[in-house]
Amino acid sequence: MTQPFKDTILEEAISWIESDQQVALATVVQTWGSSPFQIGSKMIINEKGNFLGSVSGGCVETSVITECVELIKNKNSFKKIDFKISDENAWNEGLACGGEMTVFIEQIN
Amino acid sequence: MKIEILKEIIKKKSSDEQFAVLTNLSNGSSEIYKLGIPLSKNFINYKNEIENYYNLKKSGIINNTEILIQNYIKPIEVIIIGAVHIAQYLIKFLKDLNFDVTVVDPREYFTTKQKFQNIKIINKWPEEFFKNIQSNSNTALITLSHDPKIDEPALKHALKKKFFYIGALGSKKTHDNRCKRLKDEGFNDKEIDSIHGPIGIRLGGKSAPEIALSIVAQLVSETNKYKNL
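Protein chains in written order, with this note's numbering: chain A, 108 to 216; chain L, 58 to 286.
Just chain L, same shape as in the assembly (with noise of 0.2 Å):
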């Protein structure tokens, strides 16, 4: 490979847009592919599986060829409403996990610098936060916060923009409770059960970062069934 390329990928890698890295494992060579950007004599016999492979977002050799298509696309965003205690053991989980991850809670108080480094702290209330953001079904929301006036605003977006994971902490008479008004809002039944409430799988234990393994583990899990669709 061609160390310009590599400069390119490098470049590109920061803009956080889907590409992709051709490889024609024939002869070698190497091209970065965008939908749009016109094919080199050596992948432009492949134009339409590539286009296929890209929509997909599958990395792979395209059958029956030689052409390697690595699709680089954009990291999964997980927003959690509440910079409480969980958060700061979820964060290191969601960080090696290759996460991207925004703490959002209108209380200054929880969300001071050291609890918290390298990570993109919101000030706002969630309905605020939101406006400011695009967001769509790549995206999960994890609230911590369990004050109702701070998580569900959050959990209304979520469900209008169709979250591909939405998880809420509190127990199972707060989450009761919560579906209740929920319901009471105009949500459907399928829409409510769509969130995980409690949040997380049966781990049984009870200290901050035991919960915090039992969020990641049925984020991960849901994760990978939302990829494989």
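With the rest of the complex left out, here is chain A (with noise of 0.2 Å):
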């Protein structure tokens, strides 16, 4: 069960930010269907695309990592991202399950 009060990902990036990295947090901000993850299910992404934490069960963490890569890259300071299974890149970066989500991805400064 998620329980953002003991979810510790926010505190990593605090670390990481400290640590000179430079981090984007990608937050589940929707879903429909039978989206695995719930709302509020986060995940920190640095420049060089290393992450921690999940939004889906490994279904879309490829496109958030490289979503944010682009928007730290770009300095942009957010974005929402929709993933439905009709997306013409299903293949690659729909959800198996059926399911439909919205990801926040924001960079934090």
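What the hints contain is simulated information worked out from the structure, not anything from laboratory work.
Here the structure is a predicted model, which means the values were calculated and not measured.
Even glycine gets a Cβ: it sits at the ideal position worked out from N, Cα and C.
Careful, some of the hints might be misleading.
Claimed, not checked - EDC-like, lysine to aspartate or glutamate: derived pairs with alpha carbons at most 20 Å apart: (1) Lys131/L with Glu118/A; (2) Lys68/L with Glu177/A; (3) Lys282/L with Asp250/L.
Claimed, not checked - So, partial list: chain A residues that the calculated Cβ filter (under 10 Å) puts toward chain L: (4) Phe112; (5) Lys113; (6) Thr134; (7) Val136; (8) Ile146; (9) Ser184; (10) Glu213; (11) Gln214.
Reassemble the complex: the two chains are provided individually, in unrelated frames, and hints are given to aid placement.
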């Protein structure tokens, strides 16, 4: 069960920043159908694509990491990404479970 | 998100009191919210909706808006009566599932620190323990001592405070006797039926970790029902 009081991902984000890494935070903000992760599930990603935490059962992590690395590189502050099974990239980044989800990514600065 | 907000969230988490993090998904701004704290211009137009989600302890994007609310709600407290062998396995499961755990047992020789690391162990009789803590429906009770003089004061307290989950270890016969005693003490059938006894779902196992698993499965199922009320 997700319990934000017990999740230590934000503490990890601070320690990454303190060791001079650039960090983006990805959060599940909306889900439909059988998407496995709850709203509020989080993942942090640095400029090299290293990550911690998760936003799905591994289905969309790769895309989220790529998007976050881009976000950091382009110095953008945030982006909302919708993942749907009907996307043309479904094979690569669709949720095999048939669910849909929206992930909000933002740079921490 | 500003690093200052992130640090403030971490600070707030240490208090165990409910708060929420608001994010305006159309401009990326975030702030911390608690009931009664004034909202900034990014969120003030949604005051009623935010309050409503906060009170319902609901997280997500508020309908027809770009406002995300993430509620930080105090973890559910599980009180275990009886620092017995099963409790050791139970604690492992409960920690991974993000419950707060307290073990109460007046018998000091049952609660040596080696057996229970990083866990709140209270060497008191349940009556005395409950006098000093705030407990409410957001609490679960698991009695494992199957000694009536340790378990039953805790069960009575949990029934009065309407804990959302009450489970008592013991055979069917032990439980029937327990129910009779509670009835004699004035508890009604509905209250007595709310006790899960014998505790746990039917797994068929007899070892301590199997019993712990059957208890934890029942607790998680009841917790999810309770949270979706």
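Tell me if the interface restraint on Glu213/A is satisfied: Cβ within less than 10 Å of some Cβ in chain L. 5 Å, holds
Would the hint on Ser184/A be counted as holding, given a Cβ-Cβ threshold of 10 Å to chain L? Holds, because the Cβ-Cβ distance from Ser184/A to chain L comes to roughly 5 Å (cut-off 10 Å).
Just to be careful: measuring from the Cβ of Thr134/A to every Cβ in chain L, is the smallest value less than 10 Å? 8 Å, holds
Return the status of the interface hint for Phe112/A: holds when the least beta-carbon distance to chain L is below 10 Å, violated otherwise. 5 Å, holds
Once the shortest beta carbon distance from Lys113/A to chain L is found, is it less than 10 Å? Because about 5 Å separates Lys113/A from the closest Cβ in chain L, which is inside the 10 Å limit, the hint holds.
Hint check: is the beta carbon of Gln214/A less than 10 Å from a beta carbon of chain L? 8 Å, holds
Measure nothing beyond the straight line between the CA atoms of Lys68/L and Glu177/A; if it is 20 Å or shorter, mark the hint as holding. It is violated: about 30 Å lies between the C-alpha atoms, which goes past 20 Å.
Can you confirm whether the C-alpha distance between Lys131/L and Glu118/A stays at or below 20 Å? Answer holds: Lys131/L to Glu118/A is near 18 Å, not above 20 Å.
Chain L contact restraint on Ile146/A - CB to CB distance below 10 Å: 5 Å, holds
20 Å Cα cutoff - pair Lys282/L, Asp250/L: 17 Å, holds
Given a cut of 10 Å on the nearest C-beta pair, is the interface hint for Val136/A held or broken against chain L? The hint holds - Val136/A has a Cβ within 10 Å of chain L, the shortest such distance being about 5 Å.
Violated hint for the displayed structure: number 2, the only one.
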